Amino acid sequence: MTGSHLFNLSKHLIFIGILSIVAGCATTQTSDDVGNVDSLESTNRVFFDVNETLDKHLMKPIAETYVEMTPAVIRTSVTNFFDNLTYLNVILNDFLQGKFDQGLTDILRFTYNSIFGIAGLFDVSTAAGMPANDEDFGQTLAVWGFDSGSYLYIPFLGPNTVRDVTDTVPSTFLNPFFYITSTILYPVSALNAINTRANLLEASNLRDEAAIDPYSFTREAHLQQREFLIYDGNPPVTGYDDIFSDADDEESGGTLVIE
Amino acid sequence: MKSKDQHIQPVFKILFGIYLFFSANLLSAEIEQKQEIQAPVNQLHDTLIHIMETADSSSFQDRYALMESVITNKFNTALISRVVLSRYWKSLDEKTQTDFIALFDRLTISTYVNRFDSFNGESFRNISIEPMKKNRFMVKTELTQIDDKPVSFNYIVQNDNEQWKIISVIANGINDLSLKRAEYSSVIKDKGFDALVTSLEEKISDLQPKTSQ
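Line by line, the protein sequences are chains A and B.
Mapping the first sequence onto numbering that gives the first Met the number 0, position 29 (from 1) lands on 28, and the numbers just tick up by one.
Mapping the second sequence onto numbering that gives the first Met the number 0, position 95 (from 1) lands on 94, and the numbers just tick up by one.
Note that these hints are calculated values from the structure, not bench results.
Being a predicted model, the structure only gives us computed values, none of them experimental.
C-beta: ideal position from N, C-alpha, C; glycine also.
Any given hint might turn out to be false.
Some residues of chain A that are not near chain B, with every Cβ distance over 12 Å (derived) [unchecked claim]:
#, residue
1, P60
2, G97
3, F109
4, P154
5, F172
6, S203
7, L205
8, N233
Subject to a maximum C-alpha distance of 20 Å in a straight line, what follows is the list of computed SDA-like cross-link-like pairs (lysine to any residue) [what the hints assert, rightly or not]:
#, chain 1, residue 1, chain 2, residue 2
9, A, K59, A, T195
10, B, K148, B, F192
11, B, K209, A, T42
12, B, K132, A, G238
13, B, K148, A, G238
14, B, K148, A, P130
15, B, K133, A, S203
16, B, K139, A, V72
17, B, K188, B, T71
18, A, K98, A, A131
19, B, K73, B, Q32
20, B, K139, A, D207
21, B, K133, A, S244
22, B, K148, A, L205
23, B, K139, A, L228
24, B, K188, A, F47
25, B, K133, A, P130
26, B, K132, A, L228
27, B, K148, A, Y230
28, B, K132, A, I242
29, B, K188, A, T42
30, B, K132, A, D248
31, B, K133, A, D248
32, B, K188, A, P213
33, B, K202, B, K139
34, B, K188, A, V36
35, B, K202, A, K98
36, B, K148, A, T195
37, B, K148, A, T75
38, B, K148, A, T42
39, B, K202, A, Y239
40, B, K139, A, A246
Chain A with its partners taken away, still in its complex shape (with noise of 0.2 Å):
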């Protein structure tokens, strides 16, 4: 391993360490109705803001220059490339899970793609009946019984939980770009971030024009979204009753008057 990998996967150790003592040694500071899921609530909030602002006048404009200028086959095409090159992580974390006929369609997903969809230019696996799947190491965590920790929210990144961050060190070592060290990578990874920014531009207006307080509303979007995942579209519904606890009570008891 040359001595910039060492440093790349240093910064990510010691960015995962202190994330992990911070969340650890937080204070409670939650309102009642979100329990302790975001004990970090004031710094998240500071982060989102920052990262709001940033955005706002410099992501998000340069996001919309990009889909105006870029047909949108060429736009699905960069996507489905730098998809495939963190397709090894869903992989690893397929059989971890214990998924081994979707970790093994995967492999075949992912071979497929790199040879005849050009490098993953295009998913021609989808097509073949080998459509693509959503796994992490965050989830996998959760699938061995570790429960989400705080809620994050980190700067640059986004919303995050402390159990998930943890992604961040298998899915950097099985991304092929991580061991490229020419200059190249640097424009590559712009454009990573432009393209992935643009492709949650209906998302980020879906939110701008419905949510009333855009913090909360991201957090319980990504938190939900996230147990989603985790069962694979399939939650249980015994976890959608405690929200209807309240009303539950209040009728038992023969309180509740609603007319």
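For chain A, the structure is supplied; the task is to place chain B on it using the hints.
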């Protein structure tokens, strides 16, 4: 004289016939209950498809009127309002509660009319019904699209005065009720209930068409 077997056969046939009769009735009752549980969701979907199909040829007001009929009759907005305001609900007087329910209705209707404003061959597909606690059911459906992945739309349905009504919508795993409860609690805590009402009025205004349609 008839043998023992000859006596048993008719009795067995009668018992089996009774069993089939009750099974058929139970099955029929189960199917009927499922249809009743599914009914508000089916009606919502039919209305959504209709307003999408007619988005170019009908006015916002016409589509609003169609959605209003569904939302006010097939959603239990009173319970939804109670849940999204959580502990703050009890601190409101009856008139404020009633006003909030009406405001929430307008927000819901405007949001649906604004979002479902074009048609590209979409359709809804019923998947399953799963029981929850307190006689609630999760109705699972998906929105299929021609050039995109299907979107999961699940609904929590509860019986209210002999009528099944929708009390929550979960789109691709995101529960609208939880989302709103978190937001509204945050706004009330930081700025007060009146600020929440003002924000919701502004949202409703933003969802209206910019020019009259």
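Hint-by-hint comparison with the structure:
In this structure A/P60 is separated from chain B by more than 12 Å, as the shortest Cβ-Cβ distance comes to about 22 Å. The Cβ of A/G97 lies farther than 12 Å from every Cβ of chain B, with a closest approach of about 22 Å, so its non-interface assignment holds. At roughly 19 Å from the closest C-beta of chain B, the C-beta of A/F109 stays outside 12 Å, upholding its exclusion from the interface. The beta carbon of A/P154 sits about 21 Å from the closest Cβ of chain B, which is more than 12 Å, so the claim that it is off the interface holds.
Listed as outside the interface, A/F172 is consistent with that label: its C-beta sits roughly 29 Å from the nearest C-beta of chain B, beyond the 12 Å cut-off. No beta-carbon of chain B comes within 12 Å of the beta-carbon of A/S203; the shortest separation is about 15 Å. The Cβ of A/L205 sits about 8 Å from the closest Cβ of chain B, inside the 12 Å cut-off, so the non-interface label is violated. Residue placement check: A/N233 does not keep its beta carbon more than 12 Å from all beta carbons of chain B (closest about 9 Å).
Straight-line distance between C-alpha atoms of A/K59 and A/T195 comes to about 11 Å, which keeps the hinted pair within the 20 Å bound. Between B/K148 and B/F192 the CA atoms are separated by roughly 39 Å; this puts the pair beyond 20 Å, and the hint is violated. Distance hint between B/K209 and A/T42 is unfulfilled; the C-alpha atoms sit about 38 Å from each other, more than 20 Å. With a C-alpha separation of about 10 Å, the suggested pairing of B/K132 with A/G238 holds against the 20 Å cut-off.
Straight-line distance between C-alpha atoms of B/K148 and A/G238 comes to about 25 Å, which puts the hinted pair past the 20 Å bound. Taking the CA atoms of B/K148 and A/P130, the gap is near 10 Å; set against the 20 Å cutoff, the hint holds. For a cut-off of 20 Å, the pair hint linking B/K133 to A/S203 is broken: about 36 Å separates their Cα positions. Taking the CA atoms of B/K139 and A/V72, the gap is about 33 Å. The hint is violated against a cut of 20 Å.
Distance check on the hinted pair: B/K188 and B/T71 sit about 29 Å apart at the alpha-carbon level, beyond 20 Å; violated. As the CA atoms of A/K98 and A/A131 are separated by approximately 14 Å, the hinted pair is consistent with the 20 Å bound. Taking the CA atoms of B/K73 and B/Q32, the gap is about 16 Å. The hint holds against a cut of 20 Å. Restraint check for B/K139 and A/D207: the C-alpha separation of about 28 Å exceeds 20 Å, so the hint is violated.
A threshold of 20 Å between alpha carbons decides the hint, and for B/K133 with A/S244 the separation of about 10 Å falls inside it, so the pair holds. Under the criterion of a C-alpha separation no larger than 20 Å, the hint pairing B/K148 with A/L205 is consistent with the structure, at around 18 Å. Restraint check for B/K139 and A/L228: the C-alpha separation of about 17 Å stays at or below 20 Å, so the hint holds. For the given pair, B/K188 sits about 19 Å from A/F47 by alpha-carbon distance, which is consistent with the 20 Å threshold.
Under the criterion of a C-alpha separation no larger than 20 Å, the hint pairing B/K133 with A/P130 is inconsistent with the structure, at around 38 Å. Taking the CA atoms of B/K132 and A/L228, the gap is about 24 Å. The hint is violated against a cut of 20 Å. A threshold of 20 Å between alpha carbons decides the hint, and for B/K148 with A/Y230 the separation of about 18 Å falls inside it, so the pair holds. For the hint linking B/K132 to A/I242, the alpha-carbon distance of about 12 Å falls within 20 Å, and the restraint holds.
For the hint linking B/K188 to A/T42, the alpha-carbon distance of about 18 Å falls within 20 Å, and the restraint holds. With a C-alpha separation of about 13 Å, the suggested pair B/K132 and A/D248 falls inside the 20 Å cut-off, and the hint holds. Taken as a hint, the B/K133 and A/D248 pair is honoured in the structure, with Cα atoms around 11 Å apart against an allowance of 20 Å. For the given pair, B/K188 sits about 15 Å from A/P213 by alpha-carbon distance, which is consistent with the 20 Å threshold.
Restraint check for B/K202 and B/K139: not satisfied, since their Cα atoms lie roughly 29 Å apart, outside the 20 Å limit. Our distance criterion of 20 Å between C-alpha atoms is met by B/K188 and A/V36, whose separation comes to about 17 Å. As the CA atoms of B/K202 and A/K98 are separated by approximately 44 Å, the hinted pair breaks the 20 Å bound. Restraint check for B/K148 and A/T195: satisfied, since their Cα atoms lie roughly 18 Å apart, inside the 20 Å limit.
For the given pair, B/K148 sits about 15 Å from A/T75 by alpha-carbon distance, which is consistent with the 20 Å threshold. Among the hinted pairs, B/K148 with A/T42 is inconsistent with the structure: their alpha-carbon atoms are about 36 Å apart, more than 20 Å. As the CA atoms of B/K202 and A/Y239 are separated by approximately 27 Å, the hinted pair breaks the 20 Å bound. About 23 Å separates the Cα atoms of B/K139 and A/A246, which puts this hinted pair outside 20 Å; it is violated.
Consistency note: the structure conflicts with the earlier hints numbered 7, 8, 10, 11, 13, 15, 16, 17, 20, 25, 26, 33, 35, 38, 39 and 40.
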